[in-house]
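Residue strings, one per chain:
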Amino acid sequence: MSNKKSYEEINKKIKEGKAVIVSADEVLDIIAEKGITEAAKYVDVVTTATFGPMCSTGAFLNFGHADPPIRMTSVTLNDVPAYAGLAAVDAYIGATETSISKGIHYGGAHVICDLIDRKEVRLQASSPGTDCYPRKSIDTCITLDDINEAYLYNPRNAYQNYSAAINTSDLPLHTYMGILKSNMGNVHYCTSGQLSPLINDPYYRTIGIGTKIFLAGAQGFVSWMGTQFCSGRSRRENGLPDAPGGTLAVSGDLRSMSTEFIQPAVFEDYGISMFVGIGIPIPILDAEMMSNVSITDRDIFTNIEDYSVKRRDKPSLGTVSYEELRSGFVEIQGKKIPTAPITSLHKSRQIAELLKQQIKNGDFEITKPVAQFPLTNTLNTLEIKRKGDA
Amino acid sequence: MKEKWFLTFPPELTEEPVTYTLIKNYDLRINILRASIGLNVTGNLLILIDGTPNAISEALTWLKTTGINVDSGDSQIIWNDELCVHCGACTAVCPAKALSLDPKTWLLSFSPEKCLACGHCIPACPLGAITNQKRRENV
Ligand code: SF4
Ligand code: SF4
Chain P
1 MSNKKSYEEI NKKIKEGKAV IVSADEVLDI IAEKGITEAA KYVDVVTTAT
51 FGPMCSTGAF LNFGHADPPI RMTSVTLNDV PAYAGLAAVD AYIGATETSI
101 SKGIHYGGAH VICDLIDRKE VRLQASSPGT DCYPRKSIDT CITLDDINEA
151 YLYNPRNAYQ NYSAAINTSD LPLHTYMGIL KSNMGNVHYC TSGQLSPLIN
201 DPYYRTIGIG TKIFLAGAQG FVSWMGTQFC SGRSRRENGL PDAPGGTLAV
251 SGDLRSMSTE FIQPAVFEDY GISMFVGIGI PIPILDAEMM SNVSITDRDI
301 FTNIEDYSVK RRDKPSLGTV SYEELRSGFV EIQGKKIPTA PITSLHKSRQ
351 IAELLKQQIK NGDFEITKPV AQFPLTNTLN TLEIKRKGDA
Chain E
391 MKEKWFLTFP PELTEEPVTY TLIKNYDLRI NILRASIGLN VTGNLLILID
441 GTPNAISEAL TWLKTTGINV DSGDSQIIWN DELCVHCGAC TAVCPAKALS
491 LDPKTWLLSF SPEKCLACGH CIPACPLGAI TNQKRRENV
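Protein chains in written order, with my numbering: chain P, 1 to 390; chain E, 391 to 529.
Calculated from the structure, these hints are not laboratory results. Each residue gets a CB set at the ideal place from its N, CA and C atoms; glycine is no exception. There may be inaccurate statements among the hints.
[Said to hold, decoys possible] Output of the computed footprint for chain E on chain P, the stretches with three or more beta carbons under 8 Å from beta carbons of chain E:
| hint | segment |
| --- | --- |
| 1 | 43-53 |
| 2 | 181-195 |
| 3 | 266-278 |
| 4 | 335-342 |
| 5 | 345-358 |
[Claimed, not checked] Quick list of in silico lysine-lysine cross-link-like pairs, DSS-like style, CA-CA up to 25 Å:
| hint | chain 1 | residue 1 | chain 2 | residue 2 |
| --- | --- | --- | --- | --- |
| 6 | P | Lys18 | P | Lys41 |
| 7 | P | Lys335 | P | Lys310 |
| 8 | P | Lys12 | P | Lys41 |
| 9 | P | Lys360 | P | Lys18 |
| 10 | P | Lys387 | P | Lys360 |
| 11 | E | Lys392 | P | Lys336 |
| 12 | P | Lys335 | P | Lys4 |
| 13 | P | Lys335 | E | Lys414 |
| 14 | E | Lys454 | E | Lys414 |
| 15 | E | Lys487 | P | Lys335 |
| 16 | E | Lys504 | P | Lys336 |
| 17 | E | Lys487 | P | Lys336 |
Please take these sequences and the hints and turn them into a complete structure.
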């Protein structure tokens, strides 16, 4: 038997019911027992997953035409503004957008979930009126089943590693990483660690444009590299970037999603975000892929950044492993500091398990990316200058 | 009249002799149930107090003007496990380890018997899964 497997061979095994599919947690025991080479022959697919707050989330909606028709220029959904600078009845509702009347207690993330739950949503729009679109305003109710296309398009999800957060000031901080207590009272971290998609495929060999994924209960796709895609970071021997690296832009049909795997998140005194569940199968093409998925929380390191420094670059108080973070406390400057995740490992595991079952049942094919991500991207910063300045 | 209070001190007030003032000036009988106070860090005190309704209300006003936050220790924290996604964002802010993640299943569990009813977990939960049944209205 050859030591390499093609996508076709793996899908054939899945169809025949002969494929071995395990989660990125479970594969570790198999590797411990068989070693990388034998495990690579034995296992066909490893499922990875994450369920954490992802601010860069939103949905494109097409409302259909009223009679007489309107070219909507300003749109609200349940009093939450949506972006309508597109064609007549297309709009984009961003998860972090807040309600005009309720502030951060209701926003774009809530609208998206209300749509998924088939609740009625109030649509109000206005327009200057044109020859071809004479109507100047509309006030109506829609449900997900009444409108045309409705798909999630998230520009940046599933970060490959992310820094943990701490606060050295003497006032508590309210952040998208949760409440950071004063005087280094706690450390918060996100990503699902050894179960996280891009941590298991550090060089994006099998995760690229066109990869089919589990997205909030639906079958979605990776549509592009995510924004702030920083694949050119320095990497450890195991391939993992030391700081936030790759990201994914993903899309999927709202109609097949379930609010069990996507939920609004309200961070007090910060704003709205959205918990998004993403699962990605990794085909074990060869021993190198198996070596990639063999990564454990012990091998994943991240910085602890001080969020009390209100600058772009926050100082790091040190590097810790996920194993330490998961133990419930880390030691910094001789102090034992409690740690807490903000990504649900329980939900992540649930998604990895569900994806496993879907593949086993033949409901989910493994896809080869149609284009690979670049490996040398770096990040630009935004400088303040006037037009014409060199 | 008896009440249970949960006091939160800002770091600059940890040297203030609060219990002494409450006893001396307001004639309250005080039973300290739990305390977590260190120099220059946010401190907490869970106390059982006994005094006249008048004295209690005056003591409350004094605490408030001094900059000490008072939550009712009688309020009951309610964790809605149907809304909970088990993220863990509420666990490190809990001073009593009443909210914790199981290190095996990573499911959240709430132990009401350990809870001080300080309410710190309420704003920490992004899902709104933690609420408080009775909260002192005048503080
Ligand atoms: S109120 Fe919340 S934070 Fe405070 S002790 Fe109880 S569970 Fe912990
Ligand atoms: S923060 Fe809320 S959702 Fe997260 S574990 Fe705590 S109670 Fe559950």
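Problem - Stated coverage of the segment 266-278 of chain P by chain E [criterion: 3+ residues, CB within 8 Å] - result: holds (count 6)
Handout entry: 25 Å Cα cutoff - pair Lys12 of chain P, Lys41 of chain P
Key = Distance ~15 Å between Lys12 of chain P and Lys41 of chain P Cα, so the pair holds.
Problem - Coverage of the segment 181-195 of chain P by chain E, judged on three or more residues with CB within 8 Å - result: holds (count 7)
Practice task
Please count how many residues of the segment 43-53 of chain P have a CB within 8 Å of a CB from chain E and say whether that reaches 3.
Solution key: holds (count 3)
Handout entry: Proposed proximity, Lys310 of chain P with Lys335 of chain P (alpha carbon, max 25 Å)
Key = holds, 23 Å
Handout entry: 25 Å Cα cutoff - pair Lys454 of chain E, Lys414 of chain E
Key = Holds - the C-alpha atoms of Lys414 of chain E and Lys454 of chain E are around 17 Å apart, at most 25 Å.
Practice task
Starting from Lys335 of chain P, check that the Cα of Lys4 of chain P is at most 25 Å away, please.
Solution key: violated, 49 Å
Handout entry: Hinted pair Lys360 of chain P and Lys18 of chain P, Cα distance within 25 Å
Key = Holds: Lys360 of chain P and Lys18 of chain P sit about 9 Å apart, inside 25 Å.
Practice task
Assess, step by step, whether the Cα of Lys487 of chain E is no farther than 25 Å from the Cα of Lys335 of chain P, and give holds or violated.
Solution key: holds, 18 Å
Problem - Lys504 of chain E paired with Lys336 of chain P [C-alpha distance capped at 25 Å] - result: Since the Cα atoms of Lys504 of chain E and Lys336 of chain P sit roughly 21 Å apart, the hinted pair holds (cutoff 25 Å).
Problem - Agreement of Lys18 of chain P and Lys41 of chain P with the hint, judged by alpha carbon distance not exceeding 25 Å - result: Holds: Lys18 of chain P and Lys41 of chain P sit about 13 Å apart, inside 25 Å.
Practice task
Starting from Lys487 of chain E, check that the Cα of Lys336 of chain P is at most 25 Å away, please.
Solution key: Cα-Cα ~15 Å, so holds.
Checked against the numbered hints above, the structure breaks hints 10, 11, 12, 13 and satisfies the rest.
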